[in-house]
Amino acid sequence: MKLPIALGFLLLTAAPAFAEDTLFADMGGQAGIDRIVDASVDNYLADGRIKAIFDESNIDRLRAEFKVQFCQVAGGPCDYKGHDMTAAHKGLHLTNANFNAVVEDLQDAMDKVGLSSATQNRFLARLAPMQHQVVSR
Amino acid sequence: MKTLLYLLLLVPSVAFADATIMQKGRRFNPGEITIRRGESLTFTNNDEFIHQIYATGLFDSDERVPGQTLVETFPDEGTFEVHCHIHPKMKLVVRVN
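In order, the protein sequences belong to chains P and R. Heads up, the first sequence is in my numbering, so the first residue is 4 and it goes up one at a time. Heads up, the second sequence is in my numbering, so the first residue is 21 and it goes up one at a time.
One thing to keep in mind: the hints can contain errors.
[Claimed, not checked] Covered stretches of chain R, as calculated for chain P (at least 3 residues, CB under 8 angstroms):
#, segment
1, 60-72
2, 76-86
3, 102-108
[Unchecked claim] Derived DSSO-like pairs (lysine-lysine); straight-line CA-CA distance at most 30 angstroms:
#, chain 1, residue 1, chain 2, residue 2
4, R, 109, R, 44
5, R, 44, P, 115
6, P, 84, P, 54
7, R, 111, P, 54
8, R, 44, P, 84
9, P, 54, P, 93
10, R, 44, P, 54
11, R, 109, P, 84
12, R, 111, P, 115
FYI, nobody ran anything at the bench for these hints, they're computed from the structure. Every residue, glycine too, gets a C-beta built ideally from N, C-alpha and C.
Using the sequences plus the hints, can you model the full thing?
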């Protein structure tokens, strides 16, 4: 009697590890992620709260880096080779307000491309741990 | 008279010596430099930001985190612009005589 219970418990706890990661597909694959990145970067550049952060940046390069990184974060077949978030944002002295503005603009971009709220939340949950690496004051 | 002659001979050698270019505040410092053909420039990243350098047709470096340096040689005469892919407003003019 004990074995079936133990097996059942193992199966239940193991289930998430074997669950298929569908986020990349649910975001529309690379094409969908490209649309999200392009819309979000457009938002950043138009957002008076944060656009100055990008004044000195190569925007084409930034879009390309985001597309690879978002693909990887979503579980897609990409290998982000850029610097870690702490090194990449060093010197920008970003605040929580900056980070929140970026997230709002990203959410707006995901709305624009028609991503469901549930999928948006799954993706944002994977980005959330980056906050402490990005915010430095 | 002799002293003046020596000075005239010495000054150009100082001005054309291999030099260091500092990357700080998302700028090259100095922003212009003259060197001799075959001489090198040392680029030091004294900034808070990651940088790289490239000169079209000459070199295109890896990215360098703060504190790192790299050396590039200019084998040909001419005027060259050095930029950073990450920060496109950064510009260094190198005149090679």
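Hint by hint, which ones does this structure get wrong, listed from lowest number up? Failing hints, ascending: 5, 12.
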